[in-house]
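Participant: I would like the entire structure built from these sequences, with the hints used as guidance.
Number of protein chains: 4
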Amino acid sequence: MQRFECDYAEGAHPRIMEALLQTNKEQTPGYGEDEYCEAARRMIKLACGREDMDVHFFVGGTQANATVIGSVLRPHQAVISAETGHIAGHEAGAVEATGHKVLALPAPDGKLTAAQVRECVETHWEDPNRVHTPQPAMVYLSQPTETGLLYTKAELLALREVCGEKKLTLYLDGARLGYALGAKRNDVFMADLAQLCDVFYIGGTKVGALFGEAVCICSAGLNEDFRYHIKQRGGMLAKGRLLGVQFETLFKDGLYLELGRHAVRLAMAIRDAFHGGGCAFLYDSPTNQQFPIVSEGVIAQLAKNYSFSRWKTLSDGKTAIRFVTSWATRPETVDVLASDIRRACRIHGDKAPVWSVEMPE
Amino acid sequence: MQRFECDYAEGAHPRIMEALLQTNKEQTPGYGEDEYCEAARRMIKLACGREDMDVHFFVGGTQANATVIGSVLRPHQAVISAETGHIAGHEAGAVEATGHKVLALPAPDGKLTAAQVRECVETHWEDPNRVHTPQPAMVYLSQPTETGLLYTKAELLALREVCGEKKLTLYLDGARLGYALGAKRNDVFMADLAQLCDVFYIGGTKVGALFGEAVCICSAGLNEDFRYHIKQRGGMLAKGRLLGVQFETLFKDGLYLELGRHAVRLAMAIRDAFHGGGCAFLYDSPTNQQFPIVSEGVIAQLAKNYSFSRWKTLSDGKTAIRFVTSWATRPETVDVLASDIRRACRIHGDKAPVWSVEMPE
Amino acid sequence: MQRFECDYAEGAHPRIMEALLQTNKEQTPGYGEDEYCEAARRMIKLACGREDMDVHFFVGGTQANATVIGSVLRPHQAVISAETGHIAGHEAGAVEATGHKVLALPAPDGKLTAAQVRECVETHWEDPNRVHTPQPAMVYLSQPTETGLLYTKAELLALREVCGEKKLTLYLDGARLGYALGAKRNDVFMADLAQLCDVFYIGGTKVGALFGEAVCICSAGLNEDFRYHIKQRGGMLAKGRLLGVQFETLFKDGLYLELGRHAVRLAMAIRDAFHGGGCAFLYDSPTNQQFPIVSEGVIAQLAKNYSFSRWKTLSDGKTAIRFVTSWATRPETVDVLASDIRRACRIHGDKAPVWSVEMPE
Amino acid sequence: MQRFECDYAEGAHPRIMEALLQTNKEQTPGYGEDEYCEAARRMIKLACGREDMDVHFFVGGTQANATVIGSVLRPHQAVISAETGHIAGHEAGAVEATGHKVLALPAPDGKLTAAQVRECVETHWEDPNRVHTPQPAMVYLSQPTETGLLYTKAELLALREVCGEKKLTLYLDGARLGYALGAKRNDVFMADLAQLCDVFYIGGTKVGALFGEAVCICSAGLNEDFRYHIKQRGGMLAKGRLLGVQFETLFKDGLYLELGRHAVRLAMAIRDAFHGGGCAFLYDSPTNQQFPIVSEGVIAQLAKNYSFSRWKTLSDGKTAIRFVTSWATRPETVDVLASDIRRACRIHGDKAPVWSVEMPE
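Protein sequences, first through last, are from chains A, B, C and D.
Going by the working numbering, the first sequence opens with residue 409, and the numbers climb by one from there.
Going by the working numbering, the second sequence opens with residue 409, and the numbers climb by one from there.
Going by the working numbering, the third sequence opens with residue 409, and the numbers climb by one from there.
Going by the working numbering, the fourth sequence opens with residue 409, and the numbers climb by one from there.
One should not assume that every hint holds.
Since the list gives no way to pick one copy over another, a pair counts as held whenever it fits inside one copy or between any two copies.
[What the hints assert, rightly or not] Lysine to any residue pairs mimicking SDA-like chemistry, simulated, CA-CA at most 25 angstroms apart:
#1 Lys433 with Glu740
#2 Lys433 with Gln410
#3 Lys720 with Ala515
#4 Lys720 with Phe634
#5 Lys575 with Phe634
#6 Lys574 with Arg482
#7 Lys726 with His532
#8 Lys720 with Gly629
#9 Lys433 with Arg673
#10 Lys453 with Gln524
#11 Lys720 with Ser703
#12 Lys726 with Thr431
#13 Lys712 with Ser747
#14 Lys660 with Gly686
#15 Lys660 with Ala746
#16 Lys720 with Val539
#17 Lys660 with Val744
Think of the hints as simulated: they come from the structure by calculation, not from any bench.
Facilitator: What follows is the structure, given as structure tokens:
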């Protein structure tokens with residue numbers, strides 16, 4: 409059984425394991441105040457082109473999200489998210505547990521638009537009874553989205569503009585950021601994020617690390633006292649250097665980007681296989697998650713050798729499934745998978761290929 | 409510079425690193441539902457002699473404490489702790505952040521007594537206006553305490569009895585449990601904890617693991633829905649098997665106990681050196697933390713080659729300092745340290761040894 | 409200017425003011441433990457036909473809702489509400505501030521159905537990753553709804569059944585309950601609520617009292633320690649007898665029901681006037697809130713002498729407005745209003761009456 | 409039975425009842441945006457000599473405290489209080505329920521000193537591991553204290569100075585402020601509070617109103633969005649004008665001050681009676697609460713006709729009891745009480761009068 413249901417099925421990239429081994433016996437101060445964390449922070453700042461930003465390491469994404477959001481918002485404020493956003497549906501109410509409402513806006517493809525953020529905020533401020541509703545004060549995005557899609561630089565600029573105008577904090581969850589950076593159609597680079605976002609995080613857990621997310625605070629003011637929040641929310645790792653060592657490795661010799669490209673290349677091979685088999689896709693994802701729409705026959709056939717997720721049951725009886733590649737996916741496995749997909753589609757698929765979305769090169 | 413200021417300065421025990429390496433490329437389900445976690449749970453249950461208890465893995469102690477306490481208490485309830493307890497003073501208000509008051513009782517040596525717990529609870533229930541004060545509903549202990557001391561089995565039985573009588577949940581924080589189990593004067597074993605506590609945790613971070621704490625839920629009812637709480641508080645590690653692999657290794661061939669004994673043996677050597685140098689101790693600790701009372705001269709002398717903590721300034725101008733050993737402390741380092749201690753005490757110490765507490769064998 | 413924008417524009421019914429005056433100089437114990445509260449509790453229990461239920465008085469509805477919901481739910485649990493529910497949109501995130509997500513389900517007319525509650529809960533429990541989402545554990549209804557509509561007894565029975573089956577707490581917000589009881593088409597009486605709900609509250613603020621809501625806890629278990637929660641959430645009125653005196657008066661000689669009928673009768677007169685003027689209605693409300701759909705001309709004309717709310721802008725350029733009557737609305741005022749409505753509709757309205765919903769007798 | 413156990417046993421001052429009656433039928437906007445609230449705000453600002461401050465009305469003190477504290481503190485911050493402070497011991501953990509720790513400092517007489525606040529804050533900031541403890545950011549005082557004592561202007565100036573220096577918000581709870589203002593030994597007036605505090609509240613519930621507290625926000629910045637917080641914490645009264653009408657009345661013709669003086673004058677008569685009977689006092693209170701130390705015999709004798717509180721059992725077998733007067737206490741009742749006290753002390757008291765504290769004029 410080959411697993412394609414997530415990008416955290418394996419341990420860490422060999423270079424990371426090696427770095428952890430090499431530093432294992434060293435003694436360092438705890439809680440992220442060691443030299444490895446310091447070095448990793450320097451490298452991340454360099455990659456982002458921002459000497460003045462702050463970098464804090466977390467073990468996981470839910471923790472990072474709840475800590476960042478809880479530290480920025482005052483009690484009466486809320487965070488805007490796409491209804492498919494990770495904080496809206498996959499974190500067991502972690503944001504609400506810090507006392508804040510998630511204002512989930514409809515987003516069929518998982519992406520928020522500047523227009524809908526503007527409308528949400530203006531509607532609030534135009535309401536004479538607005539103090540009876542939570543005040544929108546933050547925008548939560550993810551890149552790529554839960555649907556595998558990417559914000560373009562133009563879209564992010566528009567969101568940045570509305571955030572500036574409406575005094576909203578712009579926060580971007582980069583749990584899978586490597587797979588955005590590794591996508592062909594991507595035009596948003598780390599330095600762009602460091603300019604456009606108030607806070608964003610660079611995901612390690614899903615992109616080659618054992619675990620770890622690097623929260624980058626780009627706006628003056630938001631960093632004050634942030635380490636108290638990390639501690640209070642349970643996110644301050646005693647042996648903090650484990651995070652430093654990992655991120656230092658990920659940012660050395662372009663490893664992070666290399667891992668992202670690797671996974672995306674294999675995802676494209678899977679996409680091509682489904683495409684060739686005549687499948688439409690739920691989302692036109694240029695990243696490591698692919699959402700082909702298939703029949704039950706195809707599902708049954710592929711499930712014999714592969715694990716993947718049922719994503720959404722469609723009205724025509726078909727199902728959108730999700731295949732996820734990662735830094736650890738092997739090309740030879742994908743070769744076999746691709747031919748298995750073609751065979752399954754041939755036997756169980758529709759005759760004529762129908763595309764729900766156009767597929768650019 | 410040799411570090412003796414904490415027990416989390418190094419990485420992990422070599423056997424753990426080896427196990428992580430060997431399993432690194434395997435694919436497993438996430439979130440602690442893999443075979444390694446399952447195996448580790450079985451081994452812990454076996455060690456505790458309780459097939460019916462539940463085991464959940466956390467990355468760190470603050471997270472474990474906040475999640476357990478937050479899951480057990482209803483909003484109007486409070487947790488009783490010694491005022492030196494970790495939750496009372498070292499977790500940045502993590503328990504209060506879940507909405508609950510920590511009822512910190514005075515405890516000069518860091519240990520709560522059954523009598524003071526009983527009095528606290530009876531005072532509450534006898535008050536006709538009790539609904540104006542938080543209701544004590546849980547007792548938080550740690551073994552060893554922050555002061556390096558151990559509860560005896562008799563003391564724990566008395567606390568258990570008052571908890572049963574007053575319907576309090578008994579929770580024991582075992583962040584350094586290995587160093588309790590490894591102490592000569594200890595008479596509380598893992599199976600005792602599993603009988604006496606409603607919940608306790610077995611600390612890995614400070615006892616040989618890279619990170620990790622194993623929360624053991626011994627009382628029926630408290631386990632229901634516990635995994636939601638782990639997720640909500642940000643404690644559900646994506647690659648959960650990292651925790652399983654580590655605890656499996658710690659519980660194989662008695663490694664956990666061996667590491668505890670190792671650190672305690674070296675702590676005793678440090679104790680003997682200070683003792684021989686004529687120092688009194690703030691607490692008569694039989695575990696891996698030692699609190700000798702020394703002059704500034706001794707501090708200055710030792711600080712040249714060793715890092716350790718100033719713990720408390722005493723009224724006579726002397727200072728209680730803290731030396732901590734760990735699973736990773738090397739005997740040869742302690743040999744040199746012991747002779748350095750003796751020399752420092754000879755030069756800078758008081759002439760006549762004065763004991764504040766009796767030192768059994 | 410006559411106010412029809414809410415049902416809390418005046419003070420209290422004269423009998424209530426009289427009762428407060430008569431008891432003003434008496435000395436009583438505080439915090440709701442006086443004889444007036446006791447008497448009011450007895451009368452409410454009698455009206456509900458439940459000797460065994462518990463009654464607690466609150467000053468206002470947001471406080472009552474947050475306290476009840478916060479006391480029932482465990483941290484990982486959520487409350488289901490219609491998206492138009494008061495807790496979902498008009499309480500400034502008070503429920504989220506207690507740490508809980510409001511699961512807002514679409515409800516075009518403001519009413520939840522048993523089927524959609526069942527589906528929401530089953531979807532949760534069928535999800536193998538359900539611990540990543542808040543657990544639905546409570547259903548919040550209001551009677552009448554924010555849209556002025558009523559649940560029938562059959563609908564409530566169906567909701568009760570799904571709550572029983574799925575172990576959900578059924579909570580009904582009766583901020584305007586008097587105007588439900590006073591409606592002709594109503595078939596749900598106080599004794600029904602006491603049988604069907606786990607908790608409900610009888611609204612005083614909007615039905616003749618200066619302020620006050622009577623929370624009725626009908627299910628064993630939910631009452632335990634409830635007074636701590638009232639105190640902690642700031643809802644325990646020092647001079648609690650003010651609430652007792654008011655509810656005693658409301659429940660004496662059928663005053664509560666009489667006030668409800670009065671307001672509904674006048675609301676029907678307003679409805680008839682808009683109906684006669686050819687207006688359709690956004691909701692077919694049998695209670696004290698009426699939602700006629702009118703042109704801007706009608707709005708401008710009526711706004712000269714009356715205050716009311718713009719409720720919703722419709723796609724055809726018309727607007728649904730809201731007129732609210734109360735226990736204090738005077739028949740002579742409504743007589744004049746009715747004729748003003750007819751005139752405004754004649755001048756500014758559509759020619760042909762079009763009904764969006766059928767209007768029963 | 410005459411009640412002297414609290415100052416909220418009766419309803420409201422007749423002038424307040426009259427004002428409520430006179431305005432009862434008027435229609436006003438809700439939620440504190442009516443003309444009565446506006447007028448009351450103007451009068452309070454005038455009394456405070458601060459046109460630029462903001463005034464918000466609450467129904468009760470616990471609500472006011474939790475809302476103010478919760479709105480000012482960021483999640484990692486804590487509020488300093490005397491351990492006898494109302495928020496530390498009498499509000500059922502309402503502050504902790506908003507996520508914040510109460511740093512309760514020892515205060516034998518109920519008063520915090522500038523020195524101990526400074527030490528608490530400096531200890532925090534000097535700690536290199538301070539992010540592991542909640543950050544002190546606010547000081548909570550009450551005037552009078554729970555022990556009936558008054559801060560002098562000099563003491564408040566010193567506290568103000570340390571708050572300014574250490575960037576702490578200074579918040580003063582004036583639940584019984586009228587009884588401070590009405591005391592002979594008082595040198596802190598409303599205008600002083602408006603200069604010295606960042607926020608304070610003027611208590612109505614205990615000083616002549618049916619209910620109500622006026623929160624005065626004196627520091628720019630703290631008022632922003634405050635009304636959201638009121639709503640979210642359940643403190644926004646629908647018929648807000650009830651609070652406006654009451655405070656307008658209290659501030660007309662010096663009624664508030666008159667009520668304060670009345671209660672204090674009668675409290676002094678009670679003090680004199682105990683004094684004359686040879687009793688010492690637990691606290692030398694110049695306000696409406698008196699804490700005489702008496703024998704069980706005296707208690708039993710007085711308990712036949714009066715209700716009062718046992719405050720503290722002393723080591724010599726005697727008990728400090730509490731008698732509280734209020735705006736509603738009748739002079740003739742106190743006359744009889746005074747003679748009853750003298751008789752009880754004659755029969756059951758100690759022979760020789762012993763003063764624990766000096767009693768100025």
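Participant: Each of the hints needs a verdict: does it hold here or not?
Facilitator: Verification of the hints:
In the homo-oligomer, the alpha carbons of Lys433 and Glu740 lie at most 25 angstroms apart only across protomers (15 angstroms), although the nearest pairing inside one protomer, at 37 angstroms, exceeds that limit. Proximity of Lys433 and Gln410 under a CA criterion of 25 angstroms is satisfied inter-copy only: 12 angstroms between copies versus 35 angstroms inside one chain copy. Taking the shortest Cα distances, Lys720 and Ala515 sit within 25 angstroms of each other both inside one copy (15 angstroms) and across copies (23 angstroms). Taking the shortest Cα distances, Lys720 and Phe634 never come within 25 angstroms of each other, neither inside one copy (39 angstroms) nor across copies (28 angstroms).
For a Cα distance limit of 25 angstroms, the shortest separation of Lys575 from Phe634 qualifies both inside one copy, at 20 angstroms, and across copies, at 18 angstroms. When the C-alpha separation of Lys574 and Arg482 is checked against a cutoff of 25 angstroms, the pair qualifies both within a copy, at 16 angstroms, and between copies, at 22 angstroms. In this assembly of identical chains, Lys726 and His532 lie within 25 angstroms of each other by CA distance solely across copies; the values are 22 angstroms between and 40 angstroms within a copy. With identical chains, the CA atoms of Lys720 and Gly629 are never at most 25 angstroms apart, being 42 angstroms at best within one copy and 35 angstroms at best between copies.
Taking identical chains as interchangeable, the C-alpha atoms of Lys433 and Arg673 lie at most 25 angstroms apart only when they sit on different chains, with a minimum of 20 angstroms there against 37 angstroms within one chain. In this homomeric assembly, Lys453 and Gln524 never come within 25 angstroms of each other (Cα to Cα): the closest approach is 32 angstroms inside a single copy and 42 angstroms across copies. With identical chains, the CA atoms of Lys720 and Ser703 are at most 25 angstroms apart within one copy only, with a shortest distance of 12 angstroms there and 43 angstroms across copies. When the C-alpha separation of Lys726 and Thr431 is checked against a cutoff of 25 angstroms, the pair qualifies neither within a copy, at 51 angstroms, nor between copies, at 37 angstroms.
In this homomeric assembly, Lys712 and Ser747 come within 25 angstroms of each other (Cα to Cα) only inside a single copy, at 14 angstroms, whereas the closest approach across copies is 67 angstroms. When the C-alpha separation of Lys660 and Gly686 is checked against a cutoff of 25 angstroms, the pair qualifies neither within a copy, at 41 angstroms, nor between copies, at 52 angstroms. Taking the shortest Cα distances, Lys660 and Ala746 never come within 25 angstroms of each other, neither inside one copy (32 angstroms) nor across copies (42 angstroms). Taking the closest pair of Cα atoms, Lys720 and Val539 come within 25 angstroms of each other only across two copies (19 angstroms); inside a single copy the shortest separation is 38 angstroms, beyond that limit.
In this homomeric assembly, Lys660 and Val744 never come within 25 angstroms of each other (Cα to Cα): the closest approach is 32 angstroms inside a single copy and 39 angstroms across copies.
Violation of the numbered hints given earlier is confined to hints 4, 8, 10, 12, 14, 15 and 17; the remaining hints are satisfied by the structure.
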